[in-house]
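**Q** As given, the protein sequences belong to chains A and B, one line each in that order. All letters in the first sequence, in the order written, are residues 1 to 115 by this note's numbering. All letters in the second sequence, in the order written, are residues 1 to 114 by this note's numbering.
Keep in mind that the hints were calculated from the coordinates and are not lab data. Note that beta-carbon positions come from the ideal geometry of N, C-alpha and C, so glycine has one too. Mixed in with the good hints, there may be bad ones.
[Claimed, not checked] Here chain A is said to cover these stretches of chain B; the calculated rule only asks that three of the stretch's residues, wherever they fall, bring their Cβ under 8 angstroms from a Cβ of chain A:
1. 84-94
2. 107-113
[Unchecked claim] Calculated pairs, DSS-like style, for lysine-lysine (alpha carbon to alpha carbon, straight line, at most 30 angstroms):
3. A/K70 x B/K13
4. A/K73 x B/K13
5. B/K102 x A/K16
6. A/K73 x A/K107
7. B/K13 x B/K57
8. A/K70 x A/K16
9. A/K16 x B/K13
[Said to hold, decoys possible] Beyond 12 angstroms from chain A on every Cβ pair, some chain B residues (computed):
10. R15
11. Q37
12. L43
13. Q44
14. S65
15. R67
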Amino acid sequence: AQKITQTQPGMFVQEKEAVTLDCTYDTSDPSYGLFWYKQPSSGEMIFLIYQGSYDQQNATEGRYSLNFQKARKSANLVISASQLGDSAMYFCAMRDFGGNNRLAFGKGNQVVVIP
Amino acid sequence: KAGVTQTPRYLIKTRGQQVTLSCSPISGHRSVSWYQQTPGQGLQFLFEYFSETQRNKGNFPGRFSGRQFSNSRSEMNVSTLELGDSALYLCASSWGDRGQEKLFFGSGTQLSVL
């Protein structure tokens, strides 16, 4: 079964600083995808970045980058130059393509950006 | 291009009642999936539909059901509501059913069961 772990407590981040959100996962499937979503107080889940298990390079999307360490089963999200609008819950998720093919989410990390 | 639309936004029901939630995916998207979000359990997968067929189902009791119409719109139904069904129900759509595709989520339906 899939398992995604996000254990960091809520974080306060200074505007314009970088922040790293930790995510570890567990799967026996060699083919899987890792996703990060952001959920502001409005409730909508917003896609941020995707990393496939066979991708050779770490994914980047604007200010978001994913530090993918396959052997350690780690997929940390790095947000550079934090903005006030980055205040939200951040969820790491994984989908086993050969397994049950369901998108499973971690418990999330709360980030508050302060000016 | 309109995003994923979920209706209603808020819903209050009492135990024993049933409820139907609606989801209109992004135009052209054929896959719709549903998730339940609670403070205690987090986000849990309910089911996924592709071209009117249920492709995947989570570990929820039979009181939770869904369907997808030919225009890709989807509904989920919860019968005999329990207090524990109070949650934010999120719908997501994608173009196809390949796992690599990112899901676009709606703002959810907040269900309160009294």
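**Q** Taking the hints in turn, state whether each one holds.
**A** Comparing the hints with the structure gives:
| no. | hint | in the structure |
| --- | --- | --- |
| 1 | 84-94 | holds (count 3) |
| 2 | 107-113 | holds (count 3) |
| 3 | A/K70 x B/K13 | violated (45 angstroms) |
| 4 | A/K73 x B/K13 | violated (42 angstroms) |
| 5 | B/K102 x A/K16 | holds (28 angstroms) |
| 6 | A/K73 x A/K107 | holds (17 angstroms) |
| 7 | B/K13 x B/K57 | holds (25 angstroms) |
| 8 | A/K70 x A/K16 | holds (29 angstroms) |
| 9 | A/K16 x B/K13 | violated (44 angstroms) |
| 10 | R15 | holds (24 angstroms) |
| 11 | Q37 | violated (8 angstroms) |
| 12 | L43 | violated (4 angstroms) |
| 13 | Q44 | violated (8 angstroms) |
| 14 | S65 | holds (17 angstroms) |
| 15 | R67 | holds (19 angstroms) |
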